[in-house]
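Sequences are here, hints too, so could you generate the full structure?
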Amino acid sequence: MRTRTEKFHLWEYLVFFAVTAAVFCLCVCVGSVNIPLGEIGAVLKNAFLGQAQTNALASSILIPVRIPRVLCVALTGAALSVAGTAMQGLLKNPLADGSTLGVSSGAALGAVIAIAFGVVFPQIPFGATTVMAILFAFLSLMIILGLAYKLDYSLSTNTIILIGVIYSMFVSSAMNIVITFATDKIQSITFWTMGSLQGTGYTDAALLGVTLLLCGGLIFFHARELNAFAVGEDNARHIGVNVRRTKLVILITVSILIGVCVSIGGTIGFVGLVTPHMVRMLVGPNHKRLLPAAMFGGAVFLMLADLIARTLLNPRELSIGVVTSLVGAVVFVFIFSQSRKR
Amino acid sequence: MLEVKNLSVRYGDLSILKNVSFSVQEGQWLMIIGPNGAGKSTALNAVTQGVGYTGEILLEGRSMKQIKPAERARMVGVLAQNHFVGYSFTVEEVVRLGRYAYSPGFLSGRRREREDEAAIERAMDLTGMTPLRGKSVLTLSGGELQRVFLAQVFAQEPRLLLLDEPTNHLDLIYQKQVFGLITEWLKTPGRAVVSVVHDLSLAKAFGTHAVLLDEGSCVARGTAKEVLSAANLNKVYRMDVSAWMRQMLSQWEEQADDPAVADGLAAADEFAVFGKEESAL
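Residue numbers (the working numbering), protein chains in the order written: chain A, 1 to 342; chain B, 1001 to 1281.
Since the hints were made in silico from the structure, they are not lab data.
One or more of the hints may lead you astray.
Said to hold, decoys possible - Computed list of chain B residues with no C-beta within reach of chain A, every gap over 12 Å:
| no. | residue |
| --- | --- |
| 1 | 1010 |
| 2 | 1018 |
| 3 | 1024 |
| 4 | 1062 |
| 5 | 1114 |
| 6 | 1125 |
| 7 | 1144 |
| 8 | 1183 |
| 9 | 1204 |
| 10 | 1231 |
| 11 | 1238 |
Claimed, not checked - Derived coverage of chain A by chain B (criterion: at least 3 residues anywhere in the stretch with Cβ under 8 Å from a Cβ of chain B; other residues may be distant):
| no. | region |
| --- | --- |
| 12 | 92–105 |
| 13 | 233–245 |
Heads up, the beta-carbon is just placed ideally off N, CA and C, and yes, glycines get one too.
Structure below.
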């Protein structure tokens, strides 16, 4: 009796990809100006073939604005979801996520410091905010986990949540200190704390795509190790997993994923919490299946959240972080009450 | 096979183990005994590099610190005391993890799929887990869960088995099953067992050799018979151990002739045997 196989089959990839593609099309069609699917096809065909656009309005909305935005939303959702899945496996805790642990806030602090004090790394093409966000994400993870292991070696849910809350408060006060030094930049700083993918372009999408490919791929190669950690860290050591190396690889890749996402879209909370949880109910906890499914799931979830943010109060636009946090808070309470029952 | 020399472990200012030495050879079952806080589990953790230590731990003459995790796992398996699995993995998925140490490297080696599958099937048969293979581990009882991890460590095919109070929270029937399975496992040449036990009767019944620890120091080591002497035990446990044991046992003596008890024993024995190929261990 084999109820579940280890691998994610080709047909499953295809189904998940088809759903993601369908949601992508929906999100490109619907907006402040609705554009029918046929029109999109024509615009894309003209753009790829270098012909003159027949529908000036549709092409001026689609090509420079809506398509890159939806692309960035999908990639950010996928990246945050993969990062959340990896952390939940590593820490054996279904509530671990960039936002609950305070890693995203830490990354945002890094980005804000870079803006407020005009930090520049001339040698690095994609800018100081990204590098600072990645560095601060990694630093935050080190601080949070260092504290957690010191206080409670078993890393119980309560400890993780408490430390996440306290660290987030610490970061937000640090953020306020930074803001008092740079009142002239308060507008761009609040953007990081709210989270938005408005106005993102193709370079952002490319950066997200490359990051997801490299870090996501590296995490996927550690699926077996993550399974072992999800069963228990001691058990992982007993069956021969190189515990230190695995931890380091996962923590660094997760930091890069979260750092890049935050530097492009600000802190978008709970994506890495909600989607892995839902996807786990569909495909089970085995990371060989869970990771690819969570990647597609995260893209779909964030695209839908962005769609709601754009259209619910049309013509005004909600911040995408508001939508994800609304959903996320409810799911958080649900998972927490479930994990307490055991 | 395993040699521990002058092992010391400290947590901050606290000295958990002080210059403890012991060794185990093929075919032996070494029992690590002692009162609470004697450092028994810490000694096992040091062997699998779970805690920092000073001194030497040698496996087949090589320092454990030089042996890579996967290579260590192919030689040394561990069965822990409790398990709390966070997610609803199936029984088979958990047992399959036991083959982790045999997976090929990123660029080198070939996966020996048939050997892996055979080891997994054998381990699940032996522990009676085959009918439960598709079940979520979250739905199992404590005794069943312990057998899942026993199957995992059998699938790992180590030569040295480390047990940390493997039946501490379990019903007697599981205690009997687990110790029975490990006794069978040890019959294959080239294998050895080191276990931490609380129950001195178990230590005496199954151990060939023993180490007695007290507050991190080694009080006695040698054959189980020598170490588990009244003089040693009374000193460490600060009470008349054998008098207490006899008093406990005497509660059962008047029932021994009762025919109903004999029937019950036979029934329990039937239940205890899972596979028909126990000798294949």
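> Of the hints given before, which are not true for this structure?
Replying inline: The structure conflicts with no hint, since it agrees with every one listed earlier.
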